[in-house]
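Listed in order, the protein sequences are those of chains R and W.
When the letters of the first sequence are read in order and numbered with my numbering, they come out as residues 5 to 355.
When the letters of the second sequence are read in order and numbered with my numbering, they come out as residues 0 to 458.
Simulated from the structure, these hints should not be mistaken for laboratory data.
Watch out, some of these pointers could steer you wrong.
Not everything, but these chain W residues come out facing chain R in the computed CB check (under 10 Å) [what the hints assert, rightly or not]:
1. S34
2. F78
3. V79
4. D142
5. R200
6. G266
7. A269
8. G272
9. Q336
10. G340
11. T347
12. S399
13. C427
14. S429
15. P437
16. Q440
Have a look at the derived ranges for each label pair, beta carbon to beta carbon [as the list claims (entries may be wrong)]:
17. S16(R) - D28(W): 24 to 30 Å
18. A331(R) - E415(W): 46 to 52 Å
19. R378(W) - S262(R): 50 to 56 Å
20. R343(R) - S350(W): 53 to 59 Å
21. R260(W) - V264(R): 54 to 60 Å
Ideal placement from N, C-alpha and C gives every residue a C-beta, glycine not left out.
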Amino acid sequence: MSVESSPIELRSSPHFRGVATVDRIMLDVVYALCPIALFAAFQFGLSAVCLIATCTAVCVLTEHVICRASGRPTSVGDYSAVITGMLLALTLPPGFPLWMAAVGSVVCIALGKALFGGIGFNVFNPALVGRAFVQAAFPVAITTWTPAVTERFTQFIPSSLALPFMTPAPVADWVARMSVDGFTGATPLALQKFDHITTDVTTLFMGMTSGSAGETSAILILACGVYLVFRNVVNWRIPASMLLSAFITSGLFYLADSEVYPNPFFTLFAGGLMLGAVFMATDMVASPVTALGIWIYAGLMGFLTVIIRLKGGLPEGVMYAILLGNAVSPIIDNLTQPRIFGARKRKQPKS
Amino acid sequence: MAREMFSDLLQLSKRKSFSRGIHPPECKDHTSGKSIRRLPFAPKLVIPLSQHTGAPAVPVVREGQEVVRGEPIAEAGGFVSVPMHAPVTGIVDRIALAPTLEGEPSPAIFIKSYPAADQRILYGAPRDIESMSPEELVQAVQDTGVVGLGGAAFPTHVKLIVPEGKSVDTVVVNGCECEPYLTTDHRVMLERPDDIIAGIRVVARSLGAKRVLVGIEENKMDAAEVLRKALPEGLPIKVEVLRVKYPQGAEKMLVKALLRREIPPGGLPADVGAAVFNVATLAQIGDLLPRQQGLIERVVTITGPGVERPGNYLMALGTPLRFALEQVGFSNRRSKQVVLGGPMMGATVSSLDIPVTKGVTGILVMTHKQTRVELRHNRIYPCIKCGECVEVCPLYLNPSRLGLLARKQQYETMEEQFHLNACFECGCCSYVCPSNIPLVQYFRIAKALNRERKARACL
Ligand code: SF4
Ligand code: SF4
Numbered sequence: 005m006s007v008e009s010s011p012i013e014l015r016s017s018p019h020f021r022g023v024a025t026v027d028r029i030m031l032d033v034v035y036a037l038c039p040i041a042l043f044a045a046f047q048f049g050l051s052a053v054c055l056i057a058t059c060t061a062v063c064v065l066t067e068h069v070i071c072r073a074s075g076r077p078t079s080v081g082d083y084s085a086v087i088t089g090m091l092l093a094l095t096l097p098p099g100f101p102l103w104m105a106a107v108g109s110v111v112c113i114a115l116g117k118a119l120f121g122g123i124g125f126n127v128f129n130p131a132l133v134g135r136a137f138v139q140a141a142f143p144v145a146i147t148t149w150t151p152a153v154t155e156r157f158t159q160f161i162p163s164s165l166a167l168p169f170m171t172p173a174p175v176a177d178w179v180a181r182m183s184v185d186g187f188t189g190a191t192p193l194a195l196q197k198f199d200h201i202t203t204d205v206t207t208l209f210m211g212m213t214s215g216s217a218g219e220t221s222a223i224l225i226l227a228c229g230v231y232l233v234f235r236n237v238v239n240w241r242i243p244a245s246m247l248l249s250a251f252i253t254s255g256l257f258y259l260a261d262s263e264v265y266p267n268p269f270f271t272l273f274a275g276g277l278m279l280g281a282v283f284m285a286t287d288m289v290a291s292p293v294t295a296l297g298i299w300i301y302a303g304l305m306g307f308l309t310v311i312i313r314l315k316g317g318l319p320e321g322v323m324y325a326i327l328l329g330n331a332v333s334p335i336i337d338n339l340t341q342p343r344i345f346g347a348r349k350r351k352q353p354k355s
Numbered sequence: 000m001a002r003e004m005f006s007d008l009l010q011l012s013k014r015k016s017f018s019r020g021i022h023p024p025e026c027k028d029h030t031s032g033k034s035i036r037r038l039p040f041a042p043k044l045v046i047p048l049s050q051h052t053g054a055p056a057v058p059v060v061r062e063g064q065e066v067v068r069g070e071p072i073a074e075a076g077g078f079v080s081v082p083m084h085a086p087v088t089g090i091v092d093r094i095a096l097a098p099t100l101e102g103e104p105s106p107a108i109f110i111k112s113y114p115a116a117d118q119r120i121l122y123g124a125p126r127d128i129e130s131m132s133p134e135e136l137v138q139a140v141q142d143t144g145v146v147g148l149g150g151a152a153f154p155t156h157v158k159l160i161v162p163e164g165k166s167v168d169t170v171v172v173n174g175c176e177c178e179p180y181l182t183t184d185h186r187v188m189l190e191r192p193d194d195i196i197a198g199i200r201v202v203a204r205s206l207g208a209k210r211v212l213v214g215i216e217e218n219k220m221d222a223a224e225v226l227r228k229a230l231p232e233g234l235p236i237k238v239e240v241l242r243v244k245y246p247q248g249a250e251k252m253l254v255k256a257l258l259r260r261e262i263p264p265g266g267l268p269a270d271v272g273a274a275v276f277n278v279a280t281l282a283q284i285g286d287l288l289p290r291q292q293g294l295i296e297r298v299v300t301i302t303g304p305g306v307e308r309p310g311n312y313l314m315a316l317g318t319p320l321r322f323a324l325e326q327v328g329f330s331n332r333r334s335k336q337v338v339l340g341g342p343m344m345g346a347t348v349s350s351l352d353i354p355v356t357k358g359v360t361g362i363l364v365m366t367h368k369q370t371r372v373e374l375r376h377n378r379i380y381p382c383i384k385c386g387e388c389v390e391v392c393p394l395y396l397n398p399s400r401l402g403l404l405a406r407k408q409q410y411e412t413m414e415e416q417f418h419l420n421a422c423f424e425c426g427c428c429s430y431v432c433p434s435n436i437p438l439v440q441y442f443r444i445a446k447a448l449n450r451e452r453k454a455r456a457c458l
């Protein structure tokens with residue numbers, strides 16, 4: 005046996021690699037989003053399906069086009085654009101006009117991600133950048149909520165199909181025609197905030213309320229979150245710390261005045277807190293890397309969410325809380341560098 | 000890390016370990032059940048003069064001189080240096096440059112072995128080591144040429160001297176062998192427990208240590224049993240079974256796992272009152288010292304998907320890799336990489352003319368198939384700040400930030416603010432990185448450039 009001219013390859017150690025890869029992680033998030041998307045489809049019907057499909061497709065397309073235009077190989081294969089699209093769709097009202105959703109999707113990828121240099125460099129969660137944009141650009145459409153109607157699988161919510169650059173027709177008539185009793189068009193959060201009507205926690209838990217397409221069922225989101233934690237995709241500290249901090253903050257308000265402020269369980273399960281804590285705040289790129297940093301970062305976001313909800317002018321504060329958290333994440337990261345092995349405790353490295 | 004954290008929690012009460020680290024596949028089953036077998040002598044051996052940490056040895060033989068197996072052929076080139084002994088009976092062919100693992104050719108003694116010679120060791124004479132003083136023991140250990148056989152190749156006798164102002168109360172014996180694939184320490188513990196214990200007594204006496212802790216990972220319970228049985232009554236030696244975790248075999252991690260003490264960055268085990276020795280090193284000391292002989296052979300695990308007869312082989316130091324691999328059925332067609340050491344920290348070789356030296360624990364032959372699996376993840380993504388590397392770094396560094404700084408070539412910041420020099424290149428961070436970033440490679444380059452810059456600054 006000849007050993008001559010051995011095709012030896014030189015590489016640097018380690019020669020073993022773990023199984024986790026970026027595309028694997030992103031694919032897991034997509035899997036975890038699927039049940040939520042399905043529930044949205046079930047609850048809100050045709051409009052929700054088209055909304056999710058539009059956002060996802062536009063995000064992927066935008067990513068592809070931008071990559072091509074800037075001469076980089078396309079990064080569609082890592083599924084991160086799919087996640088951004090799905091997340092954006094799930095935070096929008098189900099009857100949101102599709103053309104507005106498409107604009108929002110382009111903004112997500114172009115301003116939220118590509119502007120910073122693509123995956124790994126985005127400062128904010130791209131989906132939330134898009135969401136903040138549509139909130140500012142289309143303030144009416146973003147707060148037009150519709151109930152689950154019986155004909156949802158055969159009919160679009162009329163606002164969905166508004167022509168590009170057209171303001172959608174008000175849906176109040178349509179809702180009235182569908183003869184849904186007692187529907188006021190307000191989300192549980194708005195009801196609580198402005199009318200002090202607290203929706204039953206069990207109802208919130210199961211998700212049979214109005215709200216954004218994907219935020220209504222807390223239990224489903226939690227289940228998907230547990231899956232992600234066990235797949236090692238989501239750092240459990242983020243949802244844990246964010247929910248805990250929201251619970252405590254809101255509990256304090258409740259203790260102070262239980263007439264005006266909702267009970268803390270309501271805070272946990274209403275609105276987008278659950279979706280935000282599990283899927284948005286956990287965007288790896290925009291969160292700190294050290295354990296301590298993560299506790300602080302997510303705790304801050306939970307606190308801000310409640311403050312905005314209860315003290316600000318808006319019924320919902322998750323989006324801004326997370327964007328603010330993203331913004332300070334690098335600072336938190338800098339302040340929470342780990343103590344290195346063997347260094348005496350409390351001794352700061354000189355800088 | 001959620002799953003691992005969970006299993007860690009379940010195990011917390013059971014067995015000791017250090018915090019963080021990883022669990023790579025062990026791959027030890029191919030060889031852990033195979034007894035140590037002797038490999039034939041190669042027709043030509045290469046003994047590099049610098050196969051240990053410290054000053055190179057100085058040859059004491061001429062070209063053309065006949066040497067007998069076990070005869071000293073080079074003397075120590077200083078205190079931090081060791082002598083060399085002839086691994087075979089034969090003739091010194093030449094003293095010239097030979098390829099090394101590091102790439103730079105370096106001086107070596109080439110010996111042609113006599114095929115017909117009976118390879119008995121004629122050198123050495125029995126002596127009573129019990130009556131020797133600690134200083135005499137240090138000298139005797141240096142004369143054997145023993146260095147750390149766990150891979151570090153640091154001269155063992157140097158560790159037997161307690162630095163001024165410090166004291167060593169505990170001798171830590173390293174039987175972890177945490178690198179995947181390698182099983183030499185495992186086999187030595189199973190087959191030579193008495194030599195190990197003799198070695199332990201030498202180092203413990205020389206250091207004046209009060210107790211000895213032997214750390215063995217859970218996957219080698221048989222070895223722990225054998226050692227426990229072999230322990231004589233009344234000695235303060237304790238065998239501790241540890242959880243399986245990489246890189247537990249690193250000095251700092253092992254001392255932390257067994258003693259809960261943290262060696263400071265840039266420090267020595269003696270800073271926290273410990274001294275660490277590998278089991279194979281101790282077995283050699285226990286065997287060679289009473290007979291006044293030199294280190295001329297070692298056990299090497301030859302394994303990996305690219306060899307037909309993987310096993311643990313006792314081979315003469317200086318055996319070229321090519322010869323060793325031919326003996327165990329090395330298929331050139333399927334092989335892709337040859338790694339000296341384990342897969343986590345070992346280095347790929349550039350030539351099969353490189354000899355087996357004192358610090359070689361294993362020869363690992365990787366195949367195309369494995370490499371192809373790797374190819375699938377060959378794409379390097381930017382750091383997605385998943386924090387995995389931070390969660391596994393056993394030294395609590397921030398490899399993510401270090402990696403980003405390396406990309407920006409801010410090597411000084413890496414050293415000054417992010418403790419680059421504390422990193423011992425264990426590879427945990429690269430192993431877990433989902434973006435496939437070759438972090439350890441970056442760190443090596445950064446360290447090398449920093450060293451260069453400092454050297455230039457000194458001129
Ligand atoms: S930074 Fe260094 S010490 Fe830490 S895991 Fe990476 S290689 Fe190991
Ligand atoms: S493991 Fe890789 S991708 Fe994750 S934070 Fe570390 S360097 Fe970045």
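Contradicted hints - numbers only
1, 2, 3, 4, 5, 7, 8, 18, 20
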